[in-house]
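So the protein lines, in turn, are chains F and L. At position 173 of the first sequence the residue is numbered 173 (this note's numbering), and the sequence of numbers has no breaks. At position 103 of the second sequence the residue is numbered 1103 (this note's numbering), and the sequence of numbers has no breaks.
Since the hints were made in silico from the structure, they are not lab data. Just so you know, nobody snuck in bad clues.
Straight-line distance between alpha carbons at most 30 Å, and here's what the computed DSSO-like set of lysine-lysine pairs gives:
1) F:510 - L:1180
2) L:1260 - F:510
3) F:545 - F:471
4) F:510 - L:1221
5) F:331 - F:389
6) F:546 - F:25
7) F:471 - F:543
8) L:1145 - L:1260
9) F:510 - L:1228
10) F:25 - F:545
11) F:471 - F:389
12) L:1167 - L:1149
Distance ranges between label pairs, derived from CB positions:
13) L:1024 - F:528: 23 to 31 Å
14) L:1103 - F:542: 55 to 63 Å
15) F:74 - L:1145: 48 to 56 Å
Just so you know, these numbers come straight off a predicted model, no measurement behind them. Beta carbons: idealized from backbone N, C-alpha and C, even for Gly.
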Amino acid sequence: MAHEAEAVEAHAAAHEHAPQAFIWKYVFSKDHKVIGIQYYLAAMVMGLVAGLLAMLIRVQLGWPGGNFAGLGRLLPAGYDVSGGVGVMKPEFYAMLFTMHGTIMVFFVLSTAPVSGFGNLLIPLQAGARDMAFPFLNGLSFWTFLCGCVVILYSFFLESGAAAAGWTSYPPLSALRGAVPGSDWGQTFWIIGMVFFVASFTMGGLNFATTIINLRTRGLSLMRMSLTMWAMLLVAILGLLAFPALVAAVIMLLFDRHFGTSFFLPAGLVLTNIPLVGPDGRDLHQGGSPLLWQHLFWFLGHPEVYILMLPALGFTSDILSTFARKPIFGYKSMVLAMAAIGTLSFLVWGHHMFISGMNPYMGMAFAVFTILIAVPSAVKTFNWLATLWKSRIRFTTPMLWAMGVISLFISGGLSGIWLAQSAPDIQLHDTMFVAAHFHLIMAGAALFGVFAATSFWFPKMFGRMMNEPLGKLHFWFTFVTYYGTFFPMHYVGIAGQMRRIYDPYQYEFLKPLQPMNQFITVCAIILGASQLIFFVNFFWSAFKGKKASENPWEANGLEWTTASPPPHGNWPGDIPEVHRWPFEYSPAGLERDHVMQHEPAGVELPAGAATAPREGSH
Amino acid sequence: MSRLQGLLFALATVVLVAVSTYYFTRPWLPPLMSDRGRIDGSIWWSLLVTGIVFIITNLALAWLSWRYQEVPGAPRASHWHDDTRLEWSWTLATAAIMFVFMFHALGLWADINKEAPADAMTIEVTGQQFAWNVRYPGPDGMFGKTDHKLASVENPLGVDASDPAAKDDLRMLNNLVLVKDRPVRIQLRSVDVLHSFFLPNFRVKQDAVPGMTITIWFTPKELTNPEKVTEIACAEHCGLGHYRMRGFVHVVSAAEFDGKVAELAQ
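Let's have the full structure, built from the sequences with the hints guiding it.
What follows is the structure, encoded as structure tokens:
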């Protein structure tokens, strides 16, 4: 048969092309699995940095002005160490929250789930030998790494890294004297962003092309896992939204260095000195700071769903696997994700209700934002219905998936408060917003990554992660994550603003210090608990129990090949797909699952018609 | 082993519900001093509705995780995975609740953003790194012209002293004097970067944007206590002194107004 001949040929090609030299096999690799792991490890390093920044932020919010001589010796640039004490400098604090947000959003929580697991899983779940454009894929990783280096290098600039917030609102980010980080730090931030977006765009092209064109025989769109659906949507969101950010950062670069005025109006006065040239004319005129906000959030809001959708996909697939039950409402899950993705382009203005944008526009954005609650609720109800009459195996990945559901509920509901523009007047720019997005966007993405790591670890390293350590890590993280971020709702309602170096300068915030100290203690335990994960990850990667092909008794195509899969993914033919990946506990069968590649008809009870059920999943 | 994890997850969820419900029902909002009580109302309604959903969905999650663990003798999972009527029901029910929120939110937003009453007092507030410049137009009701090219340490707004309208203007720094029950129209500006004019007790927050004059209005409803401070805060990161861009609100009776303004004016 032509197909078989083709497969044999591809098989031979796969072996022929498998590079043997270390540098081509593991460093400048074009193999999607290696690239996925490279992305993952890079995100891990960046996550470590951003996490440490968060610890410093929390120490400052718990005990501002406290004497941290030890930290001062460690970070002499960030602390005022005169007189033997160590007090954090305000400009250092501004740099901390700016870089924490920037690195976490772009270089950790977009990278690990999307670029990391997207690369690892898309060809394996699609039944492809590799991504559509392997060279582009490798190039995308090295471009990303350049971005990481630029961002990390900016910490060592004399004036420090960027300090205008991760949103980099001009004029603060555009006027080089407005804050120390707006000197060269902001320029490095811009360059880092350009690298990041270029890399993400290459990745997105690969993702979309691979999913659309390289699915194996029988794998119709409506037979794809929800992870695949999430990756397809994320690729499209990224391709449509990120160009706006590149345009914006290049315009910002020009405003900063080449005298343009995209974001800068006339009439600026900095530290009581008018920004006027020697000829008496304004250095800038005609620009609008709000234009940046529109461009930034046109990316920024789809971006938070770029972080979240993969986590929602992982959660659905993992939940179904360990509930031993098909995902409830598959079609509505797909539609809900598509609806969330579509609506994400129509809601950016909810970040701008009180920005000075025309209030009529605020009304339109409020409407679309409130509407997002509907597909989100559908997903939650579908998950709960999946658990109904299930048979739950509480493995580590399942615990993380349950954690995502919990955080999705907690963080999603506060979104309804903020979506209504009027309560947002009081809650905007307070810790309430920090609580909201850390629970739903950051938390769901982070827990999703942990779920995916423990679930697909066999396909990364051919070994299992340690279960007791995994569970210990989950419990420490789950409890302290809530301990850290839930009380932020309260201090936020009480009015505590975000990005405040010392909240207790304000009388009305003084009573909140004990609550902030509680949050800090939880945050430090949360940070320390991640050591369990690092130990488990590296120990298991080298010394963990060897994994079989399908250790979780799951159904997807990735579980039909060796752990880890060889170069080319399947030693022989690529399997053909006969059903969706959610065929758990079909009636009348001894086994409780039927894999996607098994011949049609095996799930039917003995004696029933053996014709394949065309048109069904 | 499996039984322990399900039990722990259920217990953790129940504890989360109990503790968070207790804390959410405590009065966190700063005491209300303006006519914007409807914002508090919408926060309370949001709390009530989302709180009920939070409790129900979390208890369901806790119960399901405890009830359906794989333990010896547990029945095989059901193959049930679609129920069109059920799915439409919860979709439409959620949509209905959201529509109620939406219409309420839009109405309230429209009211807050409508024109200030004609008798409102006008005050100009200009943010700069890191202070709030407050100007009162004086008896002529007109602010003196400003030209940023005249700005200096003594004259941060660049007020043109030759403009007759500037003669009776009163200027103060980081203080705002309001009259109880008299609507106030704030014309908000910034000379350098973004700031956000936040009056926690008055449910007022508005970004100050260079190049724009943004008008908001509200009515103070309570006198401030002279023994305690009522604060103005900056809610938008504006540089390294952002945290100390703090000011004070004084709500006085109409009779005390002129005296208080004279006392604080520079």
